[in-house]
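Trainee: Generate the whole structure from the sequences, applying the supplied hints.
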Amino acid sequence: MALTSGRRRVRRRRAVGRLPAVILGVGLLIWTLLPIYNMLLIALSDDGDEYTGAIWPDDWNWHSFQVVWTQDYWYLEHFWHQLGNSLYMSVATMLLTVLIGSLASFALGRMRLRNGWIVTDFALLTYVLPTAFLAIPFVHLMHVYGLTDSLWSVIAAEVTFATPYAILILHQYGKLIPMELDEAARIDGASPVQVYLRIYLPLMAPALVAVGVYALLLAWNEYLYQYLLISSPRNTTVAVAIDQFFDSDEAPWNYMMATAMVYSLPPIAIYFVLRRFMVAGLTMGGVK
Amino acid sequence: MSSSQQVVGFRPPTAFSRLWPAPWFGGLQGSDTAWAIAFVVPYVAIFAAFVIYPTVYGLWMGSDPSLYSLLFSDPRYLTTLVNTLLFVAIGVNVKMFLAFLLSGFFMSRSWWVRSLLAIYLLPWALPGLTVFLSIHYMLVTEWGLLDSLWRAVTGEDGPLFLVSTPIAMAANIVSYIWKWMPFWTLIFLASRMAIPQDIYEAAEIDGATGYRRLVHVTFPLLANVYLICTLLSTVWTLGDFPTVYFVSGGAPARLTDVLATYGFHEAFDFGYPNLGVAAMMSALPILIPLVILLMRRIRVTGVQL
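The listed protein sequences derive, respectively, from chains A and B.
Using numbering that gives the first Met the number 0, count along the first sequence one by one with no gaps and you end on 287.
Using numbering that gives the first Met the number 0, count along the second sequence one by one with no gaps and you end on 304.
If you're looking for bench data, these hints aren't it; they were derived computationally from the structure.
Possibly wrong hints are sitting among the right ones.
The calculated lysine to any residue pairs, modelled on SDA-like cross-linking and capped at a C-alpha distance of 25 Å, are [stated by the list, open to error]:
(1) A:Lys174 with B:Pro64
(2) A:Lys174 with B:Phe104
(3) A:Lys174 with A:Pro56
(4) A:Lys174 with B:Arg298
Listed next, the stretches of chain A that the computed footprint assigns to chain B, with coverage defined by at least 3 CB atoms under 8 Å from CB atoms of chain B [what the hints assert, rightly or not]:
(5) 23-30
(6) 33-40
(7) 100-110
(8) 121-129
(9) 135-145
(10) 251-257
Since this is a predicted model, take the numbers as computed values, not measurements.
Using N, Cα and C, we set each Cβ at its ideal position, and we do this for glycine too.
Mentor: Set out below in structure tokens:
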């Protein structure tokens, strides 16, 4: 009898001790999900009915998602094409970043190219600088290169800003792979290209995934350069299309938020599937 | 890059030299050097074409001194400067401090804290565009979600957030913290996990528990990481564009612009690209010393980006 009440007291004390943590946890959950919930709330409302002051959707009206799906509104008439553009641009950025970054980090970190530190330092400098500062000259630049209104101008910009991080992380991760492997392959007569393809790339796979996901999300989530460098509705990406809703007097905010919701789904999916690689990318070379 | 997800790992400086690999047979020779150069060429080409060229061109665009007298005669520009300082000083420091504290909370191994971490990190993966627009809609009319919640709780009408300059500015800063705090929490979490457990055990024997452990053990060990992260975040945030562009949109009456949005409007809405570049370049007197300090700290401490 005395024993059970004592045990109960301990349990109660433990529960009370955990209470602040639970309150903090619930607070963080609401804090994190509120803007995402708001997006859904507006997307689920009727046309012209976005602002009734409801906290909970009265009826689950999936009409705006249907409009997005069937491109049934004039701002959305190229929706699928634009989604394809976003995807094309992001995947191209990912592949180019992984390719260029891994080649450079192989030459700098493994082959130890003389004076390679200059390149590493420039990469670090590019990584550190805010990208928006180059936006205005970039517009002029793309005229000079003849890439106006082309997805490739955006890809060039995203690759420029993603490769420095790729080089730094791959350089870092490469130090964990024993140099003797390269040397053994060299003694067996492998050329630098073969060492890169057969030894470096396979062993670097986790880091390459981390860098690839980073570049993919960087390109998908970026807005400024996509807006500035592409002008025609068919060539543009979903990010720019979403913002164009602001030009309308009708302000169909439910369609806009439905589009935003659809546009946010791929990053969410990638995050939940590849979270481990993304987090590892952050701590690579650091925490072993 | 403030508009992207990046990273700082932590490693004690001693490990640095030990892990540095030996060169290929004591240095590259002949065709190997040619190969190595060929491997670096793509990146160097991109760097020259898309970093050096626009930088030089930008410097040239903003080189006319009369642009700066024009800027400083614009009262909106002075407001923008003050806003940028507030945005960076409050946003970065509050975010970093909270992220540091929260990283301690997320050290817990219990299942619900771990699941919470997975959700808590979502803002990091989401496009700034969509979440900031959603926040904009929570604030822009009196029928937004925040006002509805306010009405549900107090029974009275809530404030019109984007009509008042201080509230609109605060909304920008809070949204910025919402988007970027998770990322830095993760960085601090990784750094905390790298601290060997025996240091804590030794500290516990010496009587350091609870907040003393935080102040006298954890914080000194993470001080370098904290400093570098703060510097890095400061530099990125100085050029932050999407937060203010979408959340307040400069409302009311362009009184909450920061340098990046001000430069954007000057260049593309009013058609003065040179003035826009000059506005952004006016951050260089702060930016350059910060970058030099940052690069030096990174090299000295062995904290790795």
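Trainee: Look at each hint and say if it fits the structure.
Mentor: Cross-check of the supplied hints:
1. The straight-line distance between the Cα atoms of Lys174 of chain A and Pro64 of chain B is roughly 48 Å, outside the 25 Å bound, and the hint therefore fails.
2. Between the alpha carbons of Lys174 of chain A and Phe104 of chain B the distance comes to roughly 32 Å, so the proposed pair goes past 25 Å and is violated.
3. A distance of roughly 53 Å separates the Cα atoms of Lys174 of chain A and Pro56 of chain A; the hinted pair therefore is violated under the 25 Å criterion.
4. The suggested pairing of Lys174 of chain A with Arg298 of chain B holds, with an alpha-carbon distance near 17 Å, which does not exceed 25 Å.
5. Note: the region 23-30 of chain A has 5 residues with beta-carbon separation from chain B under 8 Å; the three-residue rule is met and the coverage holds.
6. With a threshold of 8 Å between beta carbons, the proposed coverage of the region 33-40 of chain A by chain B holds, since 7 of its residues qualify and at least three are required.
7. Judged by the Cβ-Cβ criterion of 8 Å, the region 100-110 of chain A is covered by chain B as claimed, because 9 of its residues qualify and three suffice.
8. Residues of the region 121-129 of chain A with a Cβ under 8 Å from some Cβ of chain B number 9, which satisfies the need for three, so the listed coverage holds.
9. By the rule of at least three residues with a Cβ nearer than 8 Å to a Cβ of chain B, the coverage given for the region 135-145 of chain A holds, with 7 such residues.
10. Look at the region 251-257 of chain A against chain B: 3 of its residues bring a Cβ nearer than 8 Å to a Cβ of that chain, three or more, so the hint holds.
Checked against the numbered hints listed earlier, the structure breaks hints 1, 2, 3; every other hint is satisfied.
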